[in-house]
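Novice: Chain A is already provided as a structure; the job is to place chain B on it using the hints.
Here is what each chain is made of, one letter per residue.
2 protein chains.
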Amino acid sequence: MNFVTSLMVSVIILGFGNVGQHLYKAMQASDTVAVLQIYNRSLVKNLKTEQCQNVADLKKADLYIIATPDDVIGDFSASLPFKDRLVVHTSGGASMNVLSKKNRRGVFYPLQTFSKNTEVDFNNIPICVEADNETDLKLLKELGRSISEKVVEISSLEREHLHVAAVFVNNFTNHLYQIAETIATENKLDFNLLKPLITETAKKIETRSPAEVQTGPAKRNDKKTIEKHLKLLGNSEYRKLYDELTNSIKKSNRK
Amino acid sequence: MNFVTSLMVSVIILGFGNVGQHLYKAMQASDTVAVLQIYNRSLVKNLKTEQCQNVADLKKADLYIIATPDDVIGDFSASLPFKDRLVVHTSGGASMNVLSKKNRRGVFYPLQTFSKNTEVDFNNIPICVEADNETDLKLLKELGRSISEKVVEISSLEREHLHVAAVFVNNFTNHLYQIAETIATENKLDFNLLKPLITETAKKIETRSPAEVQTGPAKRNDKKTIEKHLKLLGNSEYRKLYDELTNSIKKSNRK
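Protein chains in written order, with the numbering used here: chain A, 961 to 1215; chain B, 961 to 1215.
The following block holds chain A by itself, in its conformation from the complex (with noise of 0.2 Å):
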């Protein structure tokens, strides 16, 4: 292998959900990333790249990047018929260990929430990357920085908290959206109101600390208006997590 000074890296993307088809686009745009082959269990339509079914049929590569769901990563890396090659997986939940040991292992993470037909700007994804030994390390910080120009080197401990984190910053903060989208739907409200809230939020802690920015009736300890928007939320299940999360932000308060 000869991938320090070559100017390629040869890829084969194994999985072809919301994960490996951004992957894809954005290795495909790069002028340093060949990516010879997209697995996935049925065929994908209008692709230019060879399509393989079978693992029998994997081609030789630098490189094979498993994206599938978290807990098929470990029997799908132990199926593939080959050993000594790099393998990673690209998943924030999972350790490296999950991977068959007969391969050397690693981890390529776009920490990034992908859908289906949005397009996303790879540049600012920062990919976390993690190897068994330096020179696959140093293959995957180039792979990395030919997406993009944040790429860091995370063990897969620190990569454990800053899954949960993003848990906390993605799902958790998405749910928040939904249950102010069933009050507002509920009282025929239209959450198309409550979105430049949203967005510039979300904005304000880009350039300040969260902490530094907190506002809002449990910061200021406004026992009035909390029991107001108690007794509003009835006992619907928004109330309890309310409650919940005004406890918290008081705690934080006395900090």
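No lab work stands behind these hints, which were simulated from the structure alone.
Treat the hints with care, as some may be off.
The list treats identical chains as one, so a pair stands whether inside a single copy or across any two.
EDC-like mimics (lysine to aspartate or glutamate), calculated; alpha carbons at most 20 Å apart, straight line [as the list claims (entries may be wrong)]: (1) Lys985 x Glu1010; (2) Lys985 x Glu1197; (3) Lys1179 x Asp1081; (4) Lys1148 x Glu1166; (5) Lys1191 x Asp1031; (6) Lys1155 x Glu1166; (7) Lys1184 x Asp1031; (8) Lys1164 x Asp1150; (9) Lys1076 x Glu1172; (10) Lys1148 x Asp1017; (11) Lys1188 x Asp1203; (12) Lys1184 x Glu1166; (13) Lys1110 x Glu1160; (14) Lys1163 x Asp1081; (15) Lys1101 x Asp1150; (16) Lys1008 x Asp1035; (17) Lys1210 x Glu1102; (18) Lys1164 x Asp1182; (19) Lys1061 x Glu1172; (20) Lys1076 x Glu1160; (21) Lys1211 x Asp1182.
Specialist: The following block gives chain B in isolation, referenced to the frame of chain A:
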């Protein structure tokens, strides 16, 4: 009063905190609003508009906008030394009824979060208006339209619900950002890594419903990851929140 056909609405802003200052800037930029005075307890430096520290010195205007903290709106409105004029507050959390009845009452609530030293584009900020009578409502709508493209009539009860929803997407969401920042910092990780994810999460719901784009361990009922995350959070105060938010997402799944 002749505001329907007049080109100018004359306004006095009472209270010069974040909301007062931002409204002032937006109104100064409008051709159809004349800010006659700013009332504030302390003198504001470098302000071209006439200032006033004593309610006895307030001029006559089409509209008085109280932009004080919620808990003093009522008393302050009662302290105004005139009657039968149009007096509004700017609060999402306070009913129109907190205003003294001696004047004509209304609400002019810009649904946004304001910070010092942060520019906001009022054009996209929904202005929620309410008034005791149609003529005043019309004036508030016209005034709203002079600084924003989005003006809506919202009753006090509707505004209460909207305000609860706003607490979820603004105060509570920011608290989730702060939790993520704490987790990152405690594990010597750079919080900046999470910022593109925060931006994208907010951006996603501009065009799609939050319910539709919900992802994550709770959404797919990934018990293994949830267990791992709860363990990582240990006995921290955030464990409880993780648990509650996860349960709330699961409940939404079942609907």
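Novice: Please go over all the hints and tell whether each is borne out by the structure.
Specialist: Now for the hints, and whether the structure bears them out:
{"no.": "1", "hint": "Lys985 x Glu1010", "verdict": "within (14 Å within a copy, 59 Å between copies)"}
{"no.": "2", "hint": "Lys985 x Glu1197", "verdict": "neither (41 Å within a copy, 41 Å between copies)"}
{"no.": "3", "hint": "Lys1179 x Asp1081", "verdict": "neither (35 Å within a copy, 25 Å between copies)"}
{"no.": "4", "hint": "Lys1148 x Glu1166", "verdict": "between (33 Å within a copy, 19 Å between copies)"}
{"no.": "5", "hint": "Lys1191 x Asp1031", "verdict": "between (42 Å within a copy, 19 Å between copies)"}
{"no.": "6", "hint": "Lys1155 x Glu1166", "verdict": "both (17 Å within a copy, 7 Å between copies)"}
{"no.": "7", "hint": "Lys1184 x Asp1031", "verdict": "between (47 Å within a copy, 9 Å between copies)"}
{"no.": "8", "hint": "Lys1164 x Asp1150", "verdict": "between (24 Å within a copy, 17 Å between copies)"}
{"no.": "9", "hint": "Lys1076 x Glu1172", "verdict": "between (35 Å within a copy, 12 Å between copies)"}
{"no.": "10", "hint": "Lys1148 x Asp1017", "verdict": "neither (56 Å within a copy, 43 Å between copies)"}
{"no.": "11", "hint": "Lys1188 x Asp1203", "verdict": "within (12 Å within a copy, 25 Å between copies)"}
{"no.": "12", "hint": "Lys1184 x Glu1166", "verdict": "neither (32 Å within a copy, 32 Å between copies)"}
{"no.": "13", "hint": "Lys1110 x Glu1160", "verdict": "between (24 Å within a copy, 16 Å between copies)"}
{"no.": "14", "hint": "Lys1163 x Asp1081", "verdict": "both (17 Å within a copy, 13 Å between copies)"}
{"no.": "15", "hint": "Lys1101 x Asp1150", "verdict": "between (45 Å within a copy, 18 Å between copies)"}
{"no.": "16", "hint": "Lys1008 x Asp1035", "verdict": "neither (28 Å within a copy, 71 Å between copies)"}
{"no.": "17", "hint": "Lys1210 x Glu1102", "verdict": "neither (45 Å within a copy, 40 Å between copies)"}
{"no.": "18", "hint": "Lys1164 x Asp1182", "verdict": "neither (23 Å within a copy, 32 Å between copies)"}
{"no.": "19", "hint": "Lys1061 x Glu1172", "verdict": "neither (46 Å within a copy, 38 Å between copies)"}
{"no.": "20", "hint": "Lys1076 x Glu1160", "verdict": "between (25 Å within a copy, 14 Å between copies)"}
{"no.": "21", "hint": "Lys1211 x Asp1182", "verdict": "within (14 Å within a copy, 30 Å between copies)"}
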